[in-house]
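Student: Working from the sequences, and respecting the hints, build out all of it.
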Amino acid sequence: ATLTAPDAPIGQRLSAAMAKVGENMAVPRTARLAGDYIASYIHFDKIGVLVAFGGVDDSTASADAFTTFANEIAMQVAAASPLYVSREEVPTEAREREKGIYRAQLEGSGKPAAVLDRIVEGKLGSFYEQVVLLDQPSIRPEKSKLKVADLVAEVAKVTGHPVRIVEFARFKVGEG
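Just add 60 to wherever you are in the sequence shown, counting from 1, and you've got the numbering used here.
Derived by calculation from the structure, the hints in this document are not laboratory data. Accuracy of the hints is not assured; some may be wrong.
DEER-style ranges, computed between Cβ atoms [stated by the list, open to error]:
1) THR152 - SER119: 53 to 63 Å
2) LEU74 - ALA94: 15 to 25 Å
3) ASP118 - PRO201: 47 to 57 Å
4) ASP124 - GLU167: 24 to 34 Å
5) GLU235 - GLU167: 34 to 44 Å
6) GLN165 - ASP210: 28 to 38 Å
7) ASP118 - ALA174: 51 to 61 Å
8) ASP177 - HIS103: 34 to 44 Å
9) GLY170 - SER122: 56 to 66 Å
Using 20 Å as the maximum straight-line C-alpha spacing, the simulated EDC-like pairs for lysine to aspartate or glutamate come out as follows [stated by the list, open to error]:
10) LYS159 - GLU181
11) LYS217 - GLU149
12) LYS183 - GLU156
13) LYS159 - ASP177
14) LYS203 - GLU214
15) LYS159 - GLU148
16) LYS232 - GLU156
17) LYS207 - GLU132
18) LYS159 - GLU202
19) LYS159 - GLU149
20) LYS183 - GLU202
21) LYS232 - ASP118
Every value quoted in this text rests on a predicted model; they were computed, and no experiment measured them. The beta-carbon is built from N, C-alpha and C at its ideal position, and this holds for glycine as well.
Tutor: Given below as structure tokens:
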């Protein structure tokens with residue numbers, strides 16, 4: 061699915077909409093995603109999500125397995141609020157800050173440094189499950205044992221194409 065730019069700049073379209081409905085509106089944040097396929101999801105008119113996928117051709121985009129998967133991933137982003145697609149996107153500062161917090165919690169435990177390092181890495185895995193989309197467990201009850209990365213691999217196998225999540229944008233009413 062190819063997206064095209066609107067006929068008028070967003071500011072002009074917003075002004076026209078405000079004139080039509082008689083309400084003052086603002087668009088505090090926008091996103092432009094690049095991918096072969098963009099999935100969207102709106103949750104109770106309060107949360108909106110766009111997810112860009114790569115490795116998707118026309119036959120994949122029209123396959124039921126892929127469209128169901130793409131919708132589920134958009135719902136996942138809406139429900140679980142990840143910050144990054146993959147671990148590689150997590151800034152070094154954030155990773156080091158988390159490690160520092162975990163080390164401080166374990167201070168004075170008397171455990172050897174090697175054991176502390178393994179504990180910190182385990183806790184870092186839990187951090188990734190909260191903030192990294194591919195590391196999150198699926199929100200679907202029947203797939204809760206699978207991580208999103210497993211679902212990506214599953215749909216790639218079913219469709220025969222190297223489907224991947226490129227990026228996402230999550231919008232919530234009231235957030236700038």
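Student: Please go over all the hints and tell whether each is borne out by the structure.
Tutor: Results of checking the hints against the structure:
One distance hint, 53 to 63 Å for the beta-carbon pair THR152 and SER119, is violated here, with the actual separation near 40 Å. For LEU74 and ALA94, the hinted distance range of 15 to 25 Å is satisfied, since their beta carbons lie about 23 Å from each other. At roughly 32 Å, the beta carbons of ASP118 and PRO201 sit outside the given window of 47 to 57 Å. Restraint check, ASP124 to GLU167: a C-beta distance of roughly 53 Å breaks the suggested window 24 to 34 Å.
Look at GLU235 against GLU167: about 36 Å separates their beta carbons, and that is inside 34 to 44 Å. Remark: the range hint 28 to 38 Å for GLN165 to ASP210 is upheld by a beta-carbon distance near 30 Å. Roughly 52 Å separates the CB atoms of ASP118 and ALA174, a value that falls within the hinted 51 to 61 Å. At about 40 Å, the beta-carbon gap between ASP177 and HIS103 stays in the expected band of 34 to 44 Å.
For GLY170 and SER122, the Cβ-Cβ distance of about 60 Å falls inside the hinted range of 56 to 66 Å, so the restraint holds. Annotation: proposed proximity of LYS159 to GLU181 holds, straight-line Cα distance about 8 Å (limit 20 Å). Among the hinted pairs, LYS217 with GLU149 is inconsistent with the structure: their alpha-carbon atoms are about 25 Å apart, more than 20 Å. As the CA atoms of LYS183 and GLU156 are separated by approximately 12 Å, the hinted pair is consistent with the 20 Å bound.
Among the hinted pairs, LYS159 with ASP177 is consistent with the structure: their alpha-carbon atoms are about 9 Å apart, no more than 20 Å. For the hint linking LYS203 to GLU214, the alpha-carbon distance of about 12 Å falls within 20 Å, and the restraint holds. With a C-alpha separation of about 16 Å, the suggested pairing of LYS159 with GLU148 holds against the 20 Å cut-off. Proximity of LYS232 to GLU156 is assessed by CA-CA distance (about 28 Å); at most 20 Å being required, the pair is judged violated.
Between the alpha carbons of LYS207 and GLU132 the distance comes to roughly 12 Å, so the proposed pair stays at or under 20 Å and holds. Of the pairs offered as hints, the one joining LYS159 and GLU202 is violated, with about 33 Å between alpha carbons and a cut-off of 20 Å exceeded. At most 20 Å may separate the alpha-carbon atoms for a hinted pair to count; LYS159 and GLU149 meet this at roughly 16 Å. For the suggested pair LYS183 and GLU202, the alpha carbons sit about 26 Å apart, so the restraint of at most 20 Å is broken.
The hinted pair formed by LYS232 and ASP118 fails the criterion: a straight-line CA distance of about 31 Å is larger than 20 Å.
The structure fails to meet hints 1, 3, 4, 11, 16, 18, 20 and 21 from the earlier list, while all remaining hints are met.
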